[in-house]
Amino acid sequence: MSGGWQRDSRPLEGYFLEDFHHDRVFRHATPRTITAGDVSLYIALTGARNPLHCSEPLARSMGYKGCPVDDLLVFNMAFGKTVSDVSYNAIANLGYADVRFREPVYVGDTLSCQSRVIGVKENSNGKSGVVYVTSTSVNQHGNEVLGWDRWVMVARRAGAEMPPTVIPPLADDVPASEFHVPRFLEAGALDFEHTASARLWDDFAPGDTVDHPGGATIEEAEHMMATRLYQNTARIHFDAHLAAGNQFGRRLVYGGHVISLCRALSYDGLENAFAVAAIHGGTHANPTFAGDTIYCRHVVLARDTVPKRRDVGALRLRMLGVKNQDPAKLPALAPGEKHPAVVLDLDYSVLIARRQNP
Amino acid sequence: MSGGWQRDSRPLEGYFLEDFHHDRVFRHATPRTITAGDVSLYIALTGARNPLHCSEPLARSMGYKGCPVDDLLVFNMAFGKTVSDVSYNAIANLGYADVRFREPVYVGDTLSCQSRVIGVKENSNGKSGVVYVTSTSVNQHGNEVLGWDRWVMVARRAGAEMPPTVIPPLADDVPASEFHVPRFLEAGALDFEHTASARLWDDFAPGDTVDHPGGATIEEAEHMMATRLYQNTARIHFDAHLAAGNQFGRRLVYGGHVISLCRALSYDGLENAFAVAAIHGGTHANPTFAGDTIYCRHVVLARDTVPKRRDVGALRLRMLGVKNQDPAKLPALAPGEKHPAVVLDLDYSVLIARRQNP
Amino acid sequence: MSGGWQRDSRPLEGYFLEDFHHDRVFRHATPRTITAGDVSLYIALTGARNPLHCSEPLARSMGYKGCPVDDLLVFNMAFGKTVSDVSYNAIANLGYADVRFREPVYVGDTLSCQSRVIGVKENSNGKSGVVYVTSTSVNQHGNEVLGWDRWVMVARRAGAEMPPTVIPPLADDVPASEFHVPRFLEAGALDFEHTASARLWDDFAPGDTVDHPGGATIEEAEHMMATRLYQNTARIHFDAHLAAGNQFGRRLVYGGHVISLCRALSYDGLENAFAVAAIHGGTHANPTFAGDTIYCRHVVLARDTVPKRRDVGALRLRMLGVKNQDPAKLPALAPGEKHPAVVLDLDYSVLIARRQNP
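For the record, the sequence lines run as chains D, R and E.
First residue of the first sequence? That's 1 in my numbering, and the numbers climb one at a time after it.
First residue of the second sequence? That's 1001 in my numbering, and the numbers climb one at a time after it.
First residue of the third sequence? That's 2001 in my numbering, and the numbers climb one at a time after it.
Hints are computed from structural coordinates only; laboratory data are not their basis.
Even for Gly, the Cβ is constructed at its ideal location relative to N, Cα and C.
Keeping only pairs whose Cα atoms sit at most 30 Å apart, straight-line, the calculated DSBU-like set for lysine-lysine is:
{"no.": "1", "chain 1": "E", "residue 1": "Lys-2121", "chain 2": "E", "residue 2": "Lys-2338"}
{"no.": "2", "chain 1": "D", "residue 1": "Lys-308", "chain 2": "D", "residue 2": "Lys-65"}
{"no.": "3", "chain 1": "D", "residue 1": "Lys-65", "chain 2": "R", "residue 2": "Lys-1065"}
{"no.": "4", "chain 1": "R", "residue 1": "Lys-1338", "chain 2": "R", "residue 2": "Lys-1127"}
{"no.": "5", "chain 1": "R", "residue 1": "Lys-1121", "chain 2": "R", "residue 2": "Lys-1338"}
{"no.": "6", "chain 1": "E", "residue 1": "Lys-2308", "chain 2": "E", "residue 2": "Lys-2065"}
{"no.": "7", "chain 1": "E", "residue 1": "Lys-2127", "chain 2": "E", "residue 2": "Lys-2338"}
{"no.": "8", "chain 1": "D", "residue 1": "Lys-127", "chain 2": "E", "residue 2": "Lys-2329"}
{"no.": "9", "chain 1": "R", "residue 1": "Lys-1065", "chain 2": "R", "residue 2": "Lys-1308"}
{"no.": "10", "chain 1": "D", "residue 1": "Lys-329", "chain 2": "R", "residue 2": "Lys-1127"}
{"no.": "11", "chain 1": "D", "residue 1": "Lys-127", "chain 2": "D", "residue 2": "Lys-338"}
{"no.": "12", "chain 1": "E", "residue 1": "Lys-2065", "chain 2": "D", "residue 2": "Lys-65"}
{"no.": "13", "chain 1": "R", "residue 1": "Lys-1065", "chain 2": "E", "residue 2": "Lys-2065"}
{"no.": "14", "chain 1": "E", "residue 1": "Lys-2127", "chain 2": "R", "residue 2": "Lys-1329"}
{"no.": "15", "chain 1": "D", "residue 1": "Lys-338", "chain 2": "D", "residue 2": "Lys-121"}
Covered by chain E, per the in silico footprint, the following chain D stretches (three or more residues, Cβ under 8 Å):
{"no.": "16", "segment": "9–16"}
{"no.": "17", "segment": "19–29"}
{"no.": "18", "segment": "36–44"}
{"no.": "19", "segment": "211–221"}
{"no.": "20", "segment": "226–240"}
Isolated chain D (complex conformation) (with noise of 0.2 Å):
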């Protein structure tokens, strides 16, 4: 634990960006003991259907305790708890990077949730800035399950002395050859049965796009109730009377709900994609709203091994998700390309098996 870390209370109308100098650390409230009810919550809510979150015996088969957390599941409950500490006051999510997906987490499990600052800078027009930090989660044995850095725009309260400037390097990618792998896998027990397809890790190629055949039309009830499940606190995906007086005069939709619609809706194409490696990186391009109906397509970026493995390799994909229009009617976009139907535009890696030769 770092020095860095302050027992103030937490003010009730959370931290502002005076209050995020470089190396503080934050030990984020209310550690979690993940149950059989979270997860059954998550597959109501998302539609995920990724049978090695679903099946025990599958799940044992493949090496695994029992049936792992699903990775996003994870993230969401890891990124949720960091909310009230470090963007409670954001005006924006600018960014992650780095997003590694370490030890599994099984149904039993407590995560804690920690985040130290690593960069911050006023903008020019003295009224916000950017706070950089790294955050750490950990299970009940103190080993790490997800890291990952984020960058926000926080508000300035007027007239406070600001901290010195400091901006972080940041990671352009996770490397394939640091992707945890647990040594136990039996990537091969993942069968047909199991995923009604063969579409493995040999039969994708940089270039391929995937559009995903279904649509997810999202509900105010359910963004809040995945929101809350995560123990977010971010006024904006709850409170219509406070929305009322924003930009968009309502609530937003939680992006981390977007990335688990899509990620359950690439289940028809991606069905043997059975863990999420790492994110590299990541946008929220658009506002999503309740009513929105999301889409997804799935561009492949890179094939890559991972090390010391022949029966599961890695795919580098760019997610992009779409509203209120069919993907398949969307045009190839350049990277970083925006269009006004995207709102999710995420580089990421999956694990999938490959194919054994007999």
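Starting from the known structure of chain D, fit chains R and E onto it as the hints suggest.
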């Protein structure tokens, strides 16, 4: 396992009429371990109050290993798995037959499901046809927990070659002599103190009509969460953008959710009907949409004995799901008679304790 | 068990005023084993973040066998069981008194509930009257986990004979000397690292006002799911078709859901108030509907010691549930004073750790 099983990946656009040749077997994706979270969500989404599924001590006193999972939760879970393969391109769900509830399902059991094509017939318009399948769901021990026949109208691709026409025999009903009643069952342990009702098998007679007092207004978030809980992927339930172009201009409520709501509403009056033994047939007679309020009428069709048991009997019931109208004001309907307010007309049998003479 | 218990089946239309003769006992239907699924849903529906109910290691370090179930989830579950018998034909919920939280409830415990009529009085209009009941909920060991008194206005059938009038004594409050504080409790184990707050018993004083920063806009799906989770069957919450004919023309939100939302919102400021000890009284001062945004103000009424404990104390609080208005802009309200934006006015006590001198 049949020789009809094919290891072709499920096409992203789903199967069409011409893909359903006789005896083809589909092993449906995503085996599912049922959890306590699924059971809680089922209660929260349907209002189910059957004590057998709620109280562990009661379930044990009735001879079960623990609370068995609600029969209709099992049905919806099993049915949901078949949708991606069987009815992703369905135009209409035409009917059920021979639905048999067998081994009890407990929290922790893992359900898998497969279907075999037992019939196929092109419609005279050449654009669609009827597919008949028989489906079975087994637990992790390979024991069948549920079996059913079903027929659906499925779209045909233009120009595709049709398999030969086969029209299967379909059972009119499941004989009461074949109902699965667990040998261990102590029906008498379900006492007045659990149900607040002394209405038993002996108190019902053919022709009796019960108009249940409750009503359930359905919200979009509710029917979508229920349908996703079952991992049912039919787009008509989830995608408002796509549905805007259909004949209704909106999403449809999954018919199995309406069955579950009616079963839950009927607790007031059928408090001691602790299990569903069979569904003999049924139709979703009119569409249900979010905003509709569902009520339920039951008509007793028959009072049946079950083999070797004097403590438990069966009631054959006609379940009428009624929308936006007090069911008590519904006229008596002849067998098969339609009514614009009736959305569900189901012929099924429940198990219920018989009065014991001292 | 009282000799007042009757084995008459609950009538489908519910009980009316004249059915509540003094000392009549109702054993309420559907004993319920609380599961991890119930706990997850409670978090997703209310936003509860109390670490004692979320982290197994923390709960154990505080001396509990595991995470105890949130007191208000227990209250709502127990209360829900009474509705079919006590308030199915209620015109208004008039009040609570003497609500005592006793044995902790854990996942896996089974709650049963019964009520005894302690008073009944006809209104002068002859069409309704007041029913007073005392209710208790016990676990599977027969130990009382919760007890409370409640009075409701209930409709009378025309022409029915009234039982004799009995007006019971009602407690003004539960003395702090009678609060249930588990002997095993290690209050000091709830540390800053779990709650991100060092605000303890010592930091509050009578008259202190806390306007909690969050707000929760309620959707129809959410309040109905919560109310069904509790198996509360009051039609006014679920049946929009029936409600169209009532004075509001729409469904009402169950008052217990509003209490739970306020308790959850008040985590920011009362982070270390880990348990509810008693509810002394309270009223649902105005109706709440879907679309309303709920905020919460707390006023400290008293700081109480509890017998034989120097590590934990109690705060007596006035919880004001406020709708569609920033609570910070609410005027100070005299005891019992009403305000059109106040939907809930609750007088209750929480347990909270005291600062330990080294």
